[in-house]
Amino acid sequence: MTAVTDRPVPAPDVAPNFTTSPSGRRRKRTNAIMATLVTLAFLIALVPLISLLTEVVIRGGSMLTWQFISTDMTGVFGDSPDGGVRHAILGTLQITGLATLISAPIGLFAAVYLVEYGHGRLAKTLTFFVDVMTGIPSIVAGLFAVALFAILIGPAYRSGVMGAIALSVLMIPVVVRSCEEMLKLVPNELREASYALGVPKYLTIIKVVLRTSLAGIVTSIVLAIARVIGETAPLLLTVGIVTSMNTSMLDGRVATLPVFAYSQYSQDALGVGADRAWGAALVLILIIMILNLVARFISSRFSIAEK
Amino acid sequence: MSTDVTPEAPGAEGRPLASRRGTTPGRFGNRLFAGLSTASGILILVTLAAVAIFLVREALPAITASPAAYADFTRDLNLGQYIGPLVFGTVLAALIALVIAVPLSIGIALFIAHYAPKRLSGPVAYVVDLLAAIPSVVYGLWGFFWLVPKIGPIMDWISQKLGFIPIFADYAPPAKNVTSAAIVLAVMILPIITAVSREVFLQTPRLHIEASLALGATRWEVARQAILPFGRSGVISASMLGLGRALGETMAVLMILAPFARGTEVYSIKILASAEHQTIAANIAQQIREAHGMGVSVLIASGLALFAITLVVNMAARWIVARRAAFSGAN
Amino acid sequence: MRPAHTTRGMFDVKKSIRRGMITTLAASTALVLAACGGGVTADESPSGSTSDGGTESSTGDTEAPEAGSLSGNLPGAGASSQGKAQEGWIAGFGDLEQGVTVTYDGVGSGGGREQFLSSGVLFAGSDSALKEDELASATDRCFGGEAVELPLYISPIAVIYNLPDTGVDNIQLDAATLAQIFRGEITTWDDAAIADQNPDATLPSTAITVVNRSDDSGTTENFTEYLFEASEGTWTDEASDAWPLPSQQSGDGTSGMVTTVSAAEGAIGYADASQAGDLGTVALQVGEEYVPFSPEAAAAAVDASPLSDDATEKRITYQLDRTTTEAGVYPLVLISYLIGCDTYDDASDAANVKAYFDYIASEDGQSRANEAAGVAPISDDLRTQVEAAIEMISAS
Chain R
0 MTAVTDRPVP APDVAPNFTT SPSGRRRKRT NAIMATLVTL AFLIALVPLI
50 SLLTEVVIRG GSMLTWQFIS TDMTGVFGDS PDGGVRHAIL GTLQITGLAT
100 LISAPIGLFA AVYLVEYGHG RLAKTLTFFV DVMTGIPSIV AGLFAVALFA
150 ILIGPAYRSG VMGAIALSVL MIPVVVRSCE EMLKLVPNEL REASYALGVP
200 KYLTIIKVVL RTSLAGIVTS IVLAIARVIG ETAPLLLTVG IVTSMNTSML
250 DGRVATLPVF AYSQYSQDAL GVGADRAWGA ALVLILIIMI LNLVARFISS
300 RFSIAEK
Chain Z
0 MSTDVTPEAP GAEGRPLASR RGTTPGRFGN RLFAGLSTAS GILILVTLAA
50 VAIFLVREAL PAITASPAAY ADFTRDLNLG QYIGPLVFGT VLAALIALVI
100 AVPLSIGIAL FIAHYAPKRL SGPVAYVVDL LAAIPSVVYG LWGFFWLVPK
150 IGPIMDWISQ KLGFIPIFAD YAPPAKNVTS AAIVLAVMIL PIITAVSREV
200 FLQTPRLHIE ASLALGATRW EVARQAILPF GRSGVISASM LGLGRALGET
250 MAVLMILAPF ARGTEVYSIK ILASAEHQTI AANIAQQIRE AHGMGVSVLI
300 ASGLALFAIT LVVNMAARWI VARRAAFSGA N
Chain F
0 MRPAHTTRGM FDVKKSIRRG MITTLAASTA LVLAACGGGV TADESPSGST
50 SDGGTESSTG DTEAPEAGSL SGNLPGAGAS SQGKAQEGWI AGFGDLEQGV
100 TVTYDGVGSG GGREQFLSSG VLFAGSDSAL KEDELASATD RCFGGEAVEL
150 PLYISPIAVI YNLPDTGVDN IQLDAATLAQ IFRGEITTWD DAAIADQNPD
200 ATLPSTAITV VNRSDDSGTT ENFTEYLFEA SEGTWTDEAS DAWPLPSQQS
250 GDGTSGMVTT VSAAEGAIGY ADASQAGDLG TVALQVGEEY VPFSPEAAAA
300 AVDASPLSDD ATEKRITYQL DRTTTEAGVY PLVLISYLIG CDTYDDASDA
350 ANVKAYFDYI ASEDGQSRAN EAAGVAPISD DLRTQVEAAI EMISAS
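Those protein sequences? They're chains R, Z and F, same order as listed. Under numbering that gives the first Met the number 0, the first residue of the first sequence is numbered 0, with each subsequent residue one higher. Under numbering that gives the first Met the number 0, the first residue of the second sequence is numbered 0, with each subsequent residue one higher. Under numbering that gives the first Met the number 0, the first residue of the third sequence is numbered 0, with each subsequent residue one higher.
Accuracy of the hints is not assured; some may be wrong.
[Unchecked claim] Every beta carbon over 10 Å from chain R, so not counted as near; a handful from chain Z, in silico:
#, residue
1, P60
2, I62
3, P66
4, T73
5, V90
6, V98
7, W156
8, F163
9, I166
10, A168
[Unchecked claim] What follows is a set of in silico ranges between Cβ atoms, one per label pair, in the way DEER data are often shown:
#, chain 1, residue 1, chain 2, residue 2, range
11, R, D250, F, D344, 13 to 21 Å
12, F, A194, Z, V311, 51 to 59 Å
13, Z, D169, F, E295, 41 to 49 Å
14, Z, K160, F, D277, 48 to 56 Å
15, F, E184, Z, L59, 27 to 35 Å
16, Z, T63, F, V167, 27 to 35 Å
17, Z, L42, F, D277, 49 to 57 Å
[What the hints assert, rightly or not] Incomplete in silico selection of chain R near chain F, CB under 10 Å:
#, residue
18, G74
19, F127
20, G239
21, V241
22, G251
It should be emphasised that the hints constitute simulated quantities derived from the structure, not laboratory data. A virtual CB, placed ideally from N, CA and C, is assigned to each residue, including glycine.
Let the sequences and hints guide you as you build the complete structure.
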């Protein structure tokens, strides 16, 4: 994401001489048309995106008080406007954090394997099955986690770990695929130059390949987090919803922001429930914003191209 | 390069480097790193195998049973009749979404990477990244409370004027039809495709661009000659990522699309009519609540079908990307 | 192009040698650390401390040994219809027994029964009573005992419509007309069949959009049962928790239903009455009069109905009489049962379930549910029976 500011593409502000020939005029016209189209695409896409954000900010903003962030739903019922999302914020951070801790290393190493090591049958198999894995519907990942833990521990067991496992199943292929794409973009010449200098392969990977694609990798991981932090269906099945905080990841149901939003909406779609759903959505987006800023800071701090 | 590490042959696949002495400090690191990478790869395969085994094991009763065993759940449809329309609905919704999202995404990515002034591109890229993270429940809320009321009258108008064409027939308010769902899906996958495409566009080697400029190319010609070809495999890959999400998206579809009633399933091309389509994922989420026994098995069999669709889609994408592999840096 | 790569490459190599890929992982680690940090600071109170004591608590007429003496987890799951009432009960019970953490997952009746029978939860909420095969597996689940089923959530189902300015409080319909509307045989609001029963109402020529629940639901089952039994043959499909006809427009869950009806003028649907909001509701013909829904009329419908054939003193299940002609009865009612075991292997589980059910059955609990979800409070007569059944819950 930082790459945006890192590598400005030089654009020809002084246009070549177009007016001299018919083909020149045609090219100029094409250029203008395409510029308009690209800008238009951008503007069209902006409409839903902006409206989405304003809806969330306006509807959620009215809910966003300190009280909403700092209390949970203990003792709240009926049309009472009290209560908040403290427990759901914590739950979302816990579960997504654990999922990232599981997925990011596995995914990144697998991507390294695919790009740097894998040329045999295992690599082909892995590439293929990572693709297959991206197609796992989120609800199936949830069902899988439920079935897995039913066998391992028992059908009664519900915990944050189950949710994290379900999310990891969804997250790993996303990390692998986008990291793979980023690693592939590192030109071979870099690797060759490093080898030529006598750097061992693993150091080449760490210090040349990963280093060069750092910004891309961070983007990939943040995107992968983004992909799962709002997942509702698998969490609905695995961690459910509770009204108060549960700091244990190993025991009991955990509230998360998306499930909180959904359950509030589905209980009271025309009243205070919908308000809370919008409020929870806004909080979730704010968390992502902070996360994004941190990621941007990290990758700009360590990005090479700038310095 | 102030290293005194003795170089080590980097990998089994060759790019041999001279190994000068017996003791090679790089060897342990190499082994460890290769081992970790391979182990991660294998772990992923094992996980997927576990998921697949689970899916097949749970789906098998429905696949092998006679239709009578689950007639209660499917209302006398057999497995093919039950899953077929769901597959159709899933693919239809995802394709409409992709048709809307891909051109727009390339446009935005190109705009950010190539057209926009730097001052604008930064914040815009940031907002797009943010949108990728908005939970599907919110897209569902937004879709229902914002999009549906706004798009309803337009669809109504189209249906009245062009209703003689079957695709546009039978609009019924509110606009809880496959087109609305697909538009929401498109908005959902837009940031994903855009973010990856943009990142890839920005990686276009400067020399490609400069070479193009040196030949007197216009801004568009630079995009066409240098940026788009370079980014093609990335864009396809990103689109597949988006397609994967669109195919498997659950909550937003659940909240927006009014599905056909169970047992009255149809293959319908009326994209403006409600209660004519349903997607596999939304159907699972919706029906799993009250399903039990064979019903669950039928639903998981439909999940298996979704799996198969994605598999085919991804194989196709891989094939396209492989043909363009020449543009990748590490070929 | 090659030279460019090489130039940039050399540059990158030199710079990159200095820092390892640890920085990459730092991004994800930071995230996790943030999560853990949050966990530590937020550690103080998983439950309890936010509720400000049991000032308004009254133990009612139950003789719970000492209020506040119990502890443990009490997970439940089941019908989403009970969700709001359960919130109220959990809040009220939390005031009484701060040591017990009750949770309720509105996963659906079938899911709740399944989780209950597989020992996933200690109690379930269900819009329908346990089925025969489920009763058999309940014996295993209940450590050799049997299931307890209590009709503690009685709620009217409202037939909701979206029509502005009809000039009347409720549109009046008999079951046969209602059936015709939902079968798509009556397609406009000014149809004679509707107008005849509503001489005072201003009915527009708006097309009727029939909305059904797209998920399987106890609400649909009760509604279709009402239509089947009360419409004198107009509705030909037997009661079913899934909509039996081709659908015209549908919504997922109660929220999907009410938002869909709200979004289209001329739409008609059915939903738990507490969720009807500002929508219009139909007064149903019972005998000679038209009865709008009310908690009292719903409770009356239960009292006017016989117990089901296989009901026992522990399983108080009803066979609702939809064709009643008694005055003041609103027969379109949903009973959602609380399901537990009469035997638990753990003494504290048994005590917790017992105390929680006791609270729900108490006047306090029922009025709390009325406040939270418009539930019809059970009659004193029924309360006596229910309390007797709860009394039989024990540890093995």
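Structure-based check of each hint:
{"no.": "1", "hint": "P60", "verdict": "14 Å, holds"}
{"no.": "2", "hint": "I62", "verdict": "16 Å, holds"}
{"no.": "3", "hint": "P66", "verdict": "23 Å, holds"}
{"no.": "4", "hint": "T73", "verdict": "19 Å, holds"}
{"no.": "5", "hint": "V90", "verdict": "13 Å, holds"}
{"no.": "6", "hint": "V98", "verdict": "13 Å, holds"}
{"no.": "7", "hint": "W156", "verdict": "19 Å, holds"}
{"no.": "8", "hint": "F163", "verdict": "29 Å, holds"}
{"no.": "9", "hint": "I166", "verdict": "22 Å, holds"}
{"no.": "10", "hint": "A168", "verdict": "26 Å, holds"}
{"no.": "11", "hint": "D250(R) with D344(F): 13 to 21 Å", "verdict": "19 Å, holds"}
{"no.": "12", "hint": "A194(F) with V311(Z): 51 to 59 Å", "verdict": "55 Å, holds"}
{"no.": "13", "hint": "D169(Z) with E295(F): 41 to 49 Å", "verdict": "43 Å, holds"}
{"no.": "14", "hint": "K160(Z) with D277(F): 48 to 56 Å", "verdict": "33 Å, violated"}
{"no.": "15", "hint": "E184(F) with L59(Z): 27 to 35 Å", "verdict": "43 Å, violated"}
{"no.": "16", "hint": "T63(Z) with V167(F): 27 to 35 Å", "verdict": "57 Å, violated"}
{"no.": "17", "hint": "L42(Z) with D277(F): 49 to 57 Å", "verdict": "54 Å, holds"}
{"no.": "18", "hint": "G74", "verdict": "4 Å, holds"}
{"no.": "19", "hint": "F127", "verdict": "26 Å, violated"}
{"no.": "20", "hint": "G239", "verdict": "4 Å, holds"}
{"no.": "21", "hint": "V241", "verdict": "5 Å, holds"}
{"no.": "22", "hint": "G251", "verdict": "7 Å, holds"}
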